Amino acid sequence: MGLEDRRDLETDVYQPAEDSHLLASAVLEHLSVDETDLVLEVGTGSGYVAGRIDAETDARVVAADLNPHAVRQARTDGLEAVRADLVSPFADEAFDAVVFNPPYLPTDPDNEWDDWMERALSGGEDGRAVIDPFLEGVGRVLATGGVVYLLVSSLTGVDEVAAQAGEAGFSAVSVADESFPFETLTILALYR
Amino acid sequence: MKESLLEILCCPLDKHELELEDAEYETGEDDSEEIIDGTLVCEECGERYPLEDGIPNLLPPDMREESPA
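So the protein lines, in turn, are chains A and B. So the numbering used here is basically just the index in the first sequence, starting at one, shifted up by 343. So the numbering used here is basically just the index in the second sequence, starting at one, shifted up by 120.
Keep in mind the hints are simulated off the structure, nothing from the lab.
No farther apart than 25 Å at their CA atoms in a straight line, the calculated lysine to any residue pairs in the SDA-like style are these:
hint : chain 1 : residue 1 : chain 2 : residue 2
1    : B       : K135      : A       : L409
2    : B       : K122      : B       : D134
3    : B       : K135      : B       : E172
4    : B       : K122      : A       : A398
5    : B       : K135      : A       : A434
6    : B       : K135      : B       : N177
7    : B       : K122      : B       : E149
8    : B       : K122      : B       : R168
9    : B       : K135      : B       : P181
10   : B       : K135      : A       : E436
11   : B       : K135      : A       : L422
12   : B       : K135      : A       : P476
13   : B       : K122      : B       : V161
14   : B       : K122      : A       : L409
15   : B       : K135      : B       : D157
16   : B       : K135      : A       : G482
17   : B       : K135      : A       : A486
18   : B       : K135      : A       : R535
19   : B       : K135      : A       : T487
20   : B       : K122      : A       : E399
21   : B       : K135      : A       : Y534
22   : B       : K122      : B       : P170
23   : B       : K122      : B       : D151
24   : B       : K135      : B       : I175
25   : B       : K135      : A       : G480
26   : B       : K122      : B       : D157
27   : B       : K122      : A       : R483
28   : B       : K122      : B       : L140
29   : B       : K135      : A       : D428
30   : B       : K122      : B       : Y145
31   : B       : K122      : B       : D142
32   : B       : K122      : A       : H412
As the structure is a prediction and not an experimental result, all values here were calculated from the model.
Chain A extracted, bound-state conformation (with noise of 0.2 Å):
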């Protein structure tokens, strides 16, 4: 890939910053997968967390995103890519984990930049507008025994989206956190 592709992809596709670390290190410490099992990770972005659940675990696994620069950047990089609307169109109990980084940042509807950097970043005036979504339809994509992985930041409150979680359907537990001066990130792994 040249620079002048890197450097529009700087600006298209969400790079992996300290939360992209949180999330695959918390995964790769807690997963359990064999060849057998099938992870998918929504929202993929850069491809960072599913590239290394790829490479560190025996797991086939599957990159969705809604933006069309970041599955072509996970395509290049050698992962099976999917252009997404968060899980809709994945089969029944496909997956035995699911890891979402989701757009969290509240954002004044009068501040949104409507760009794809935007789309990645931001959760609308609550910080839950893509996160309540998936919460409702993640379930139905997971096999029996099925873990999701989400990652959730003060921001966006830890105790709303636990409780969301509950109404889906979902007992979460809390597998790591990490404290940033402004917020601080949690990974909460959701059992049914």
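Guided by the hints, dock chain B onto chain A, whose structure is given.
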């Protein structure tokens, strides 16, 4: 995409199975065969989803345009 991926994909609108039409295949570096181009068609509602450059675009039709605006 690998043909086996088809087993875990479905129509985003009604969750029915997809059928592959007009498929073009390419052999990758590791000798595995991939679908590089084609159309995925819902067996129930008939909605058609493009597969280009090896990537299936399974966004619902009203979200399919390239620009986010």
